[in-house]
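Colleague: For reference, the chains in residue letters:
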Amino acid sequence: MEPIRVHSGLVYPLNRANVDTDQIIPKQFLKRIERQGFGQFLFYHWRFDEEGEKRDSFTMNKEKYNDASILVAGDNFGCGSSREHAPWAILDYGFKVVIAPSFADIFYNNCVKNGILPVRLTEDETQAIIKKAEHEKLKLTVDLEKQLVVGEKEFNFNFDISDYHKQMLLNGWDEIAVTLTNEDKITAYEQRQQITG
Amino acid sequence: MTQPKTIIEKIWNNHIVHQEPGKPDLLYIDLHLIHEVTSPQAFEGLRMKGRKVRRPELTFATMDHNVPTKQRHIIKDEVSKKQMHTLKENCEEFGVPLADIDHPDQGIVHVIGPELGLTQPGKTIVCGDSHTSTHGAFGALAFGIGTSEVEHVLSTQTLGQAPPKTLEVKVNGKLGTGVTAKDLILAVIAKYGVRFGTGYVIEYTGEAVRNLSMEERMTVCNMSIEAGARAGLISPDDTTIEYLRGRRHVPDGEAFDEAAEKWRALATDEGASYDATVEINADEVEPQVTWGTNPSMCIPVSANVPDPASQEKDYEQDAVERALSYMGLEANQPIDSVEIEHVFIGSCTNSRLSDLKKAAEIVRGRKVHDKVTALVVPGSKTVKEQAEAEGLDVIFKTAGFEWRDAGCSMCLAMNDDIVPPGERCASTSNRNFEGRQGNGARTHLVSPEMAAAAALEGHFVDVRKYTNTAVNR
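The listed protein sequences correspond, in order, to chains A and B. The first sequence runs 14 to 210 under the working numbering. The second sequence runs 7 to 479 under the working numbering.
The shape of chain B in the complex, shown without the other chains (with noise of 0.2 Å):
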């Protein structure tokens, strides 16, 4: 009997081109994606040394951190113009696919990959993107990579990589009602730190994982990195081969039952084993809402901003206080007596149908708070088509939310989607680092349900308040 393995060594043993003592393994790359930001410095370096794109068809780009969200073609910042410009003669030049702008499949990359059936069980995908973790939700080997990277790949095909070591993030039991994918990795997160995943990829088990949409597997496989891991990963099963099911780029007929066959064969074997293993139960974890400037400083919604003084070393206790005074919080405040002037639901975390509609069922038929702004925008042009066909963009506009197009918009603030200096936002994006939304901006990370409370009410609030009644309404 062959020795049981993970889906990851599976996938990593599936893609060796070239080992040699010493030096890391040559890995084969079956998708990588490309946006504007982390590539035009790579096709120059093509350019400068006569290269070419070695598969421009396991390539695919589009456009979605520079993008406005309304008035899409006004774009004022003539750099931002330019980058965009660049990536679209770029991919003229080396013969790659590219949904732009005006093209129906724009979107953030991290949405449409997954909604094109490009992301696929078993696969190795790569982007200039941190955020790359997210198609591990397939059971791909998906993770980002730097620009020096990108050249690499789009010249070889390949990526030379140290085999990782296994983590298996373990949760057991059920999430409770109104409790989401997004508190509970923002709860794993909270509980082993921001750096527990460091060298490893992650590959989340348990019941309370099975149970999970494909959606919102997706957020927390999106979030593996902000836990230090460049990949999360989650084993196939029939949520998996059914959410592929008639995607354009999946095969279909029997070509597809062929596939979904070696599929299911990918998922880890029953016995293997992994060099480190954590645990969490899901019934503690409770709605989330972050309240410093890394995914980390996470607390449940009921609880208090924690005070300085109880931090171990010195420097814990300063990056406590740091944190404290750039979010204007005081220690030992509760954290849901924070008052926010703005709601941001969107980003490659939380901007797909699912998150939409569950954010719609807590906004029908309620306004938005007289001093929020709130904007709710689709992750890409798909989504937003569909939102728009089940109703959910007059749910949000009539409640006093803008409905904007899709981008990457106000989780990293590259286009004009940004939160001013000293305000307060309830974001659904997956970094609450200092000026991630904008200088001076303070970032509270919820998921799409705790936003959309917040957006009704001006504060925190336990979203189970509104899901429990949604239920019997």
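For reference, chain A alone in the conformation it holds in the complex (with noise of 0.2 Å):
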């Protein structure tokens, strides 16, 4: 995966709680075995009528937003199934990084192996962001190692992560071959619960 430092953007501003997987990316576009292509199904049904035309209700498809590649939305962002399509549909979509109050547990882990950051900031701060991204065109910057989201005239908010997890962002790790350098210690746990193949 792409390792991520710095990254700095325009804003996609979705001002709701508990987005779930399901909107993310919907089950029709689960059946492709492929990694790659997800991102023309993003939010598909908010997205697009069922004649396939884009809504201009949805803000995501206002032209000021085309290029954005900061998505801050509300609490419990990713809640539900499991699907990885979700952070694969979110990154090939062309969004780097994704800030909201909090996420669902499965759905961070998700992001994170797949070179997405996402960030938690207090449930004021994502507002600020909101109704600002919403008004005008915002653009910030996100800074992993020094855990700071900073806007050009205003905004300076710094952000928790796991060292394991920043650490994993920042060298673009293959998770399975830093486990392996414990295959040693597999082994022996296997040998003492008596794990035969």
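Check before you lean on any hint, since a few could be wrong.
Said to hold, decoys possible - Straight-line alpha carbon distances no greater than 27 Å define the calculated BS3-like cross-link-like pairs of lysine-lysine that follow:
(1) Lys-75(A) / Lys-109(A)
(2) Lys-55(B) / Lys-179(A)
(3) Lys-198(A) / Lys-82(B)
(4) Lys-179(A) / Lys-198(A)
(5) Lys-198(A) / Lys-58(B)
None of these hints come from the bench; they were simulated from the model. Since the model is a prediction, treat every value here as computed from it, not as a measurement.
Quick one: dock chain against chain with the hints and give me the complex.
Modeller: Here is the structure:
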């Protein structure tokens, strides 16, 4: 996966809480056996009507958000299904960072494993960004090393991330390769537990 | 004396392969369940790196999400067909046991694991499916994972995990007649919300939980993820042990008694403490119906749909308004006035033999309402056979239900079992998200008994009207 250190980009504000992974990528698109190409289906039924035409009512379709690469949303983002197709779709569409007051556990892990930086800010900080980005083009810089979200004129917010997740994202590690450096310990565990193939 | 521990800490400690400061614990995984939707990219990842499956014998695959529930072998969707075929090829290539569409063990992955005795107390169990929490009913630590994690487990039989916080959900007192395990878990989520379990593993305790059968416990643990908890479990007891006795993958004879002894010892110690505890009184729980687009948007069948105006914050008002609009409901409307066109009895939440029996008791000798299309989809081939041996199929079919083959079916509508746009379904499944049962479909989550009663009357109705008489019949 691609390492991520500092990312600057435009914000798309999605002021909804409890956005579930069924909305991020509906089930009819889970049948594909590839990892790529899911961006076109992101928020499919919110973006498109029954005829496949863009819905004017959904703000993501506004031209000013076309180049957005930072998604800012409400509480409990990515709840529901464990489908990794959700972060695949988000990344493939062009988002590198997702900011929310909280994330569902499985979704958060899935992001980290795909090089998407999930940033937890407070409810007030998130709302401040959303309100601003709803009215104007808002550019933010997210610095993973310093754990900072900074705007051009305003906003200077710290965020927490576990050191392990931080290193994973900064280095773009292949986690399986990391685990396999401890293969002797896995084998030793299996011998202790008498697990034999 | 050693410090009293919860079952969560005991299972965790038993599975630590490696610990290092600043890193997640590396946990050994005892059972890895696989299905066709979340595994193809993981197998492809192995192939690209020349990796193998470390423990194929601890891995078990089935097909459930895409499978047709009638005309079993006519899969019109080429992409679905390819995904199922890919699972078969991957299982052959990597030596993973597979219960495919023709296999007698086929069924929903969270129904067949327990049925075959693969699910056992004290195990760590994962699957690329958020409803893996179901297996926690046995006192296993079971949680859903993403596809990258599936690949990690296939390759290493381990998973790096930060130790979870522990959350006790204590259910005091007894559930009333006609009030089910489904109503209980819906009421818990309605009370505490869709994210109170985030970052926690839940242990369900208390008198009402102890009184639940194993299949009822599975219903409760299944929906832990709808509260945000990746895993929810129940300490093993006699109920657990008797359910496991004689199952195919469970030891027998003396070995069973030895295993049972170990399982009992896993139960949370007297005096163990949790990071948090919430409580609910079982006798206050009524039959529940969801009105909105997440499982916490749920009310007793006697109640009215909420009013956006009564919400505190503007985005909460907005969420209620949006949910009502999607659901085609009006504020303050009595939920039992809501008419339905579809009934779905099935899914990993409520498709086991006891679920079907309870629904059949309501349906027996009665007729499905004229304008309702009603489906029963048993959770596995085995459940289907057992139900037919007891004549449940005849009861359902005589009443006007369709009696289908095993699979996930209308819970998420990846096969042809789809609720059309704008139509309404009383469903025994676990998610009422927008579009879950079909684009534009409106889902109301209920118990199998409530779904059966709604099928008869064409709208929601307090099932206790039927259960109270059913006792006398």
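Colleague: The structure should be examined with respect to each hint, and the outcome stated for every one.
Modeller: Hints, verified against the model:
1. A distance of roughly 19 Å separates the Cα atoms of Lys-75(A) and Lys-109(A); the hinted pair therefore holds under the 27 Å criterion.
2. As the CA atoms of Lys-55(B) and Lys-179(A) are separated by approximately 24 Å, the hinted pair is consistent with the 27 Å bound.
3. Pair hint Lys-198(A) plus Lys-82(B) does not hold up; C-alpha atoms about 47 Å apart against a cutoff of 27 Å.
4. Using a Cα cut-off of 27 Å, the hinted pair Lys-179(A) and Lys-198(A) holds, with the two alpha carbons roughly 25 Å apart.
5. Taking the CA atoms of Lys-198(A) and Lys-58(B), the gap is near 18 Å; set against the 27 Å cutoff, the hint holds.
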